[in-house]
Amino acid sequence: MNAEPPPSAPGPLIGRSPLLDAVCPELDRRPAVVVITGEAGVGKSRLVHELLQRTRSPGAVTLVARCQESEAPFPFAPLIEALSHAGPLPADTGAPPPVTGAPPPVTGVLPPVTGALRGLLPDLADRLPPAPPPLGEPRAEHHRVLRALRALTASLGEAVLVVEDLQWADEATCAFLRAVVSDPPPRLGLVLTARSATVPHTDAEGRDGLPFPLRTPAHVTVVERHLAPLSAAETGALAAGLLGVRAVSEEFADRLHRWTGGLPHVIEEVLRGRPDSAEFRTGLAGVPEPPLPASVRRTVVERLRRLPSAARQVVAAAAVLGDPAPVELLGAVAGSDDPGTRRALAAALREGVVRTADGTYAFPYELARRAAYEAVAEPERPVLHLRAARALARHASPLPLAVIAGHYRRAGRPAQAARFLEAAADRAAGDGDAGTATAHYLDALRVGPSPVARDRIALKLARVALNARPGPQVPAALRQVLDRRSLGPGPSGEIRLLLGLLLRNQSGSGLEALEEIARAVPDLLAVSTGQAARALAITAIPSLKGWPVGEHRRLLAEAERLLPEIEEEDLRAAVLANRATALALLGDPAAWEAVADLPDTITGEAAARAYANLAGAATSLGHPERARAFQARAWLAVRTNHAPYLEAFVETTDVVAAFTGGRWKGLLRRAERAEEQYRDVPDFHAEALLVCGLLRLHTKGQTDVARRLLERAVRTTALDTGVVLTAAAAAVTRVHLAAGRPAQAVQAAEGALHHVRRTGAWMWATAIAPPAVEALIRDGRPGEAHRLVAELAAGIADRDAPAARAALSTCRALLIVTDGPQAGSGASDALYAAAADAWTRLERPYEAAYVKEAWGLHLLASGVAGGRTVLHEAIAAYHAVDGVWDVLRCQRELREHGQITVRRPGALGYGDHLSPRERAVARLASLGLSNREIARELVLSHRTVEHHVARALRKLGVSSRTEIGSHLGP
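Residue numbers (the working numbering): 22 to 991.
No incorrect hints appear here.
Derived DEER-like restraints, expressed as beta-carbon distance ranges:
# : residue 1 : residue 2 : range
1 : 818       : 469       : 55 to 63 Å
2 : 418       : 614       : 46 to 54 Å
3 : 618       : 418       : 44 to 52 Å
4 : 92        : 451       : 55 to 63 Å
5 : 885       : 533       : 48 to 56 Å
6 : 452       : 379       : 21 to 29 Å
7 : 980       : 885       : 44 to 52 Å
8 : 494       : 418       : 29 to 37 Å
List time: in silico EDC-like cross-link candidates among lysine to aspartate or glutamate, alpha-carbon distance up to 20 Å:
#  : residue 1 : residue 2
9  : 721       : 693
10 : 721       : 732
11 : 566       : 771
12 : 566       : 732
13 : 481       : 447
14 : 481       : 504
15 : 481       : 452
16 : 976       : 939
17 : 686       : 903
18 : 481       : 464
19 : 686       : 864
20 : 481       : 589
21 : 721       : 939
22 : 686       : 675
23 : 566       : 533
24 : 721       : 903
25 : 566       : 536
26 : 481       : 591
Hints were generated in silico from the structure; no laboratory data involved. Every residue gets a Cβ at the ideal spot worked out from N, C-alpha and C, and that includes glycine.
Could you put together the complete structure from these sequences and hints?
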């Protein structure tokens, strides 16, 4: 028979299998006593349920009794409830035969003494022996009932009796269990559970959860296990099972473990409260702290009520402090002396309210602390927080400045809170932790400091935030301070300058940022020539979305004019660094002398910023050796300073350089990681998106995915120093050219060319000029192609821009086809060879391969020998950089010119599943594109597309192209 087995918990059983494996065989060695202790919510009932499922045998009896908390419990109440469901009694007591389908009857002949249970078990009264005559003495009656219960239990035969929550058992039930434990029936398995925060036999006062000592005869199997909470990893596994996902992040699992203490019931309550939360389902790190489950609040409050008043006050102090605290600190906050604090903590430990480790005391998990904090009366909280702030300032070392500030804020003391937050930020800034310093300065402004402190903190915030990758809150906070007009010209100008830099570097507000910096110059000139020169030098740095190059040159000249008047070494170094950057980006031949003039005092964050800028400029202009040297110095500076913004700067500069140099192996994963990490800095995010898109195109042939990524890069970039706009436009132009859409190719190039023409930044036209010229020629617009090449030649005439000159050589070679038959093959060969050699010297293998591809096609179209050889050289060069899309394009071009290509052995087949190429073809077919249009889009032959469409129809089990879409899935 089975009397109400414990309900199964909804979640998966995590971390308990080894315990079950050890306990199950022991329970089968009858008589056996199994004791399971653990704190509330740890999963004792679930473990017992699993234990019964594993040990239950046919014909065995299982009785489950649950003790309930009650101020005046009824004697034997849990046992009576369990036995009432024991089923029919044996026929030889005069009971009628059992009903078909009823639980198995009690076995054996019941002794006459069990008749004493008629009054306690009215449902079974007609099946028990006759009631014995009354004894007339309460103690004797009680003893007889004990004997009757034990006799009835023994008559059950093969049985398991479970008694749960023994901490609430009444005295009569405890007396019965003590009697059974001291002499258990031979075929009985007794399973007892009780709440206990400590491992059995570790509490000197004997409070192990059991209300009676466990004394058994030697022949009885005894198993005692204390159920510990889940580890952080096990917490994550349980969360994944409850949320229906494969796994949650390690960081999320750690946070959930900190919230819940690894208690399965609390974990389930927390996750049940957020069933539709996408953050919880994906386990993102940014999940806010969950609401406090009612069950946690109820459990904590029940334990607090059992504590004396002095102990509750110490627990309130612990809740206010939050972190583990020693006795001295807890007593100072609670207003208690040392002996009283220790007595209070002993009581709290016995009730499982707090735990101790390494001489400190704290709550078992964060949600328990929150429940205890909410139990503190609202008017008392500010008093306790004020005590906590002052006590920490006296007792803690080093001072937890931010924590003290938090206590002052909750105590209603904003001025003190701002003072300690400012000190915490100063300490973090001194340690090179720009992110933490920024957060503390921002919090200091939010708590409401005095006007003088507010202006001082705002200036510090502006200075440190440049290296911290802050969110939009920092510019907003700085604007609020500026709008109060309480600052003098010097601080106002510097904050406006730094605000402009934040907007320029991190918010995506390019022109707005330049204008903000320009507005700072008059204020700065009034107080500091060095600061004004610094602002001018910053605005002199050119960009494709900024002002014309001539305006940047003018601003640079203004900064140079002020250089002799700058006395401060750090400001002079900053101006010189920005001057070198501006000259390098402009392609000015004087740039490298300016770099040589940089003082040795440029170190740390300033060095990382300067050399990352110079590395990017050298890569763009075509100075690979210089780029590597600058990048090495930038990495060296970054690794000695914790500045998240500069780490992102140097990493994305490195990723772009790797793509430019044809080092594509493993680069896509690195670029995707950068794209995910740097979404809060527009220009860095745009560069990561750019490289992701280019690699998706060239190494994967995923034209649709690539175009989406490239479009996002263009939308994201804030100013762009010659990288994103032109390279993205060039790639899209090439996609259209490969698909035979020259008019659309021209249109794709026009946006980037507009920016180049508007700014005059022709040194940055390297990527876009050759495909734009090719597009104009193929669209029947040779005159415009010639004019574009002339503009490029004039724009870089006095520039130190080797890459732009190689692009100019490529464009001139492409123009050969517009000269007609009179152009000899020797002249064209010389132009193409010179362009390819130029790219090779610049360590740009992709561009060299592109030139050879164009050269080979020109030779094939002209009917001149050697075209096939040159095109195969291009294919080999594309293979070397893993340019799969480009190889396929070249092979198609060879076929179109009647040349046969040898197919290399392919990958293993996909069986009845669509291959990636078949899926791409099928998707375009479902959109209504013809086979010829698909061939152009994916750079495939018409016949290959026919084969792919036929295989897709067969594998999807459809008969027409119109049915493909509904069968493709996402």
